[in-house]
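The listed protein sequences derive, respectively, from chains A and B. Counting along the first sequence from 1, when you hit position 193 you're at 193 in the numbering used here, and nothing is skipped either side. Counting along the second sequence from 1, when you hit position 8 you're at 542 in the numbering used here, and nothing is skipped either side.
Hints are supplied without guarantee of correctness; some may be wrong.
[Stated by the list, open to error] The list that follows gives simulated cross-link-like pairs (lysine to aspartate or glutamate, EDC-like), each with its CA atoms no further than 20 Å apart:
1) A:Lys68 / B:Asp582
2) B:Lys562 / A:Glu57
3) B:Lys569 / A:Glu71
4) A:Lys250 / A:Glu219
5) B:Lys637 / A:Asp53
6) B:Lys562 / A:Glu71
7) B:Lys637 / A:Glu340
8) A:Lys376 / B:Asp542
[What the hints assert, rightly or not] Just a few of them, taken from the derived set where beta-carbon distance is under 10 Å, the chain A residues facing chain B:
9) Asp48
10) Gln56
11) Phe65
12) Val73
13) Ala176
14) Phe412
Hints listed in this document are in silico derivations from the structure and should not be mistaken for laboratory results. Every residue, glycine too, gets a C-beta built ideally from N, C-alpha and C.
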Amino acid sequence: METINDFVVVGSGISGAIVAHTLVTAGAKVRLLEVGHRDTTYKDLVPDKNFVDIRQEEALQHEYFLGKNFEGVPWGDTKVGEQLTPPRQFITHNVSDWLPLESNSFAPMESLAYGGLGSGWGLGCNVYRDHELTKMGLDSVTMQKAYQVVGDLVGVAATQDLARPYTLGQITTPYAAPQIDLNNQVLLNKYLKKQPKHTAKGFYIGQPAIAAITQAKGERQALAYHNMDFYTDQRRSAFRPWILIDQLKKQANFQYQPQAFVTAFREENEQVWVHYRDTNTTEQKQVKARKLILATGAIGSARIVLRSLGPDQQLPIVCNPYVYFACLQPRLLGKLIPKERTSLGQLAMFYDQPSQDVITSGIYSYSSLLLFRLMKEAPLNFKDARILFQYLHSALSVVGVHFADHPSSQKFLKLVANTTSITKDQLKIDYSLSDAEQLIIKKGSKKIAAFLRSLQCFPLKKIQTPAGASIHYGGTLPINDPSSAFSLDKQGRIRGTQNVFVADSAGFKYLPSQGLSFTIMAWAYWVAHQALKS
Amino acid sequence: MTEQKRTDLQQEAEILARYLIRKKPTTKVVDLYVKAMQTVTLTYLPKDYTLLKLIIRKRFLLPYIDAGLGISVPNSVIRHKLLIMSAIVETQPQYASLFLNRKRSKLYWLVVGWVGLRSVGKAMVGWILLKLI
Ligand SMILES: Cc1cc2nc3c(=O)[nH]c(=O)nc-3n(C[C@H](O)[C@H](O)[C@H](O)COP(=O)(O)OP(=O)(O)OC[C@H]3O[C@@H](n4cnc5c(N)ncnc54)[C@H](O)[C@@H]3O)c2cc1C
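Hey, can you work out the whole structure from these sequences and the hints?
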């Protein structure tokens, strides 16, 4: 006989992990359904050593740097997921089969992996300020409390500096920020020399808050300065959602069920039936729950809600526009950079002008990616390109710039029929920016580039990424928005349902430029609490 | 794969690696290259077969053809093969020092300047060469 679960949670990403943890800790009986692909190829191959030592000593390094099938040697047009290193590419495994998409204007990255996109996220944490939260449809007082709870749970390293209002704000943490590498120290010093002048113009630079621990805690070790952060999580210093799920699996009131692709839900007699397909056999199955919490990512949840409640409707979507600059700091040419460093974001820069959206930039050193990737981009012969890039390497950095996004009638998604797909449908996304939005991006990019130049960090090339490339999605089920076909109430419940909640960023109807994932965690915590209470 | 095909790929591997690192490559590099050629999908443009044959017969033309393609047909198969070989040698410990960051004197700018000029020269010769082929 079918037993009833108190809660069915769908998804083990950042949102699903926080929801499941909150519910299980409160004593509820929880079943987590998801597809849950894992990296079974590279996990045990990468040694616990420094990047430079590996490069000089390890005979098998080509396996994880290039991939066993050379999948880490990109060629031709950029594809979704290509920026992930081979040990991280499982994150997008099977997505085109199970989550088919039709779009000429939007290229999102989605995941069916254990830990979701969080298995490879860059760990950058930001709190939103009160006015930003209000615009998103969130309550600032409850969110500030939730930020502190999730910050304590996942462990965030941060420092008190000029960037703090945009990184961790008032949230306290026992973990000191990681050391900055030489390149970024030089940049920061240059900024600090004329700091009052720069802040008067609205430029704030400091260290990003990183969801990683810099002192050991339980089975998680302190961040090692191995510069292998894009390839391995051996020490579990970085917060990955699967770390929480691994812990929950030891609890009697938690049941983890992988290979379950959820297609739809239906409510009946105050219970929710959750329909799913076994991903091995594609057989259709269902489970019953008192409450269902979807945590399948803003786009994934939209798919499930449309299929369940109104396949002919269309929903809005927001996504941060993203450009990046390849930059050179001439002062670092010919310098030997100490090998103890991290590949994580080194500095965060915020351009804040009165009554305008903040523009957020993350500064990374090009330190643990291989030269051949750069050689491919240069219009030079490979032999000379190697000599030049070996010299330039120490002085190269990448500055990624995110812009805020607002909903508009030109940004929407809907389900359309596709007889060849497993679910007999596919998502169609139309996304375009208005002229005014494009102008903001153009002018903002120019300002950032000019400011970087003033710090003697020279942008060599600007890369305009396609819409969707920022991997920050939201707004598909906007909170308290009656104009949308489907929306959420303040508790995260889908309007018109009794027991179905959404804990990912689907509710965020506006996306500030700062990274959204820390806010997703706080929202997921809040939704789980509301579901427990209701 | 036929024995002949394997021998051809091994010869190709040696030519490409020697060009990039100025040394005879190890057997492992050659084997990895052969494996890559069986694994990776290469999209040949009509001229690529001719160019490939030419490079095998007249190795000294490779730097010019590579440079010429770099400015005119960056997606050519020759460039794809060179990228794969670069990636393979970069991930061999014995060649790591050719790629890793190292301390250089201020005068190294002269070397870099010379390499830059040289590569422009090669690109011009290569461009003309490609027009003639
Ligand atoms: C390389 C990279 C760097 C990033 N860096 C940052 C950063 O520094 N800061 C930041 O704020 N954000 C960053 N992000 C974005 C961040 O990763 C995402 O915002 C966040 O992980 C989204 O979490 P989620 O739980 O909402 O969804 P997801 O991570 O998409 O999780 C969805 C989960 O649901 C499951 N699932 C999906 N559909 C179904 C279905 N139909 N049935 C069953 N299960 C399903 C999946 O298996 C997965 O477990 C980055 C992302 C990437 C890829």
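Each hint, compared with the structure:
no.	hint	in the structure
1	A:Lys68 / B:Asp582	violated, 26 Å
2	B:Lys562 / A:Glu57	holds, 15 Å
3	B:Lys569 / A:Glu71	holds, 13 Å
4	A:Lys250 / A:Glu219	holds, 14 Å
5	B:Lys637 / A:Asp53	holds, 17 Å
6	B:Lys562 / A:Glu71	holds, 19 Å
7	B:Lys637 / A:Glu340	holds, 16 Å
8	A:Lys376 / B:Asp542	violated, 25 Å
9	Asp48	violated, 17 Å
10	Gln56	holds, 5 Å
11	Phe65	holds, 5 Å
12	Val73	holds, 5 Å
13	Ala176	violated, 27 Å
14	Phe412	violated, 35 Å
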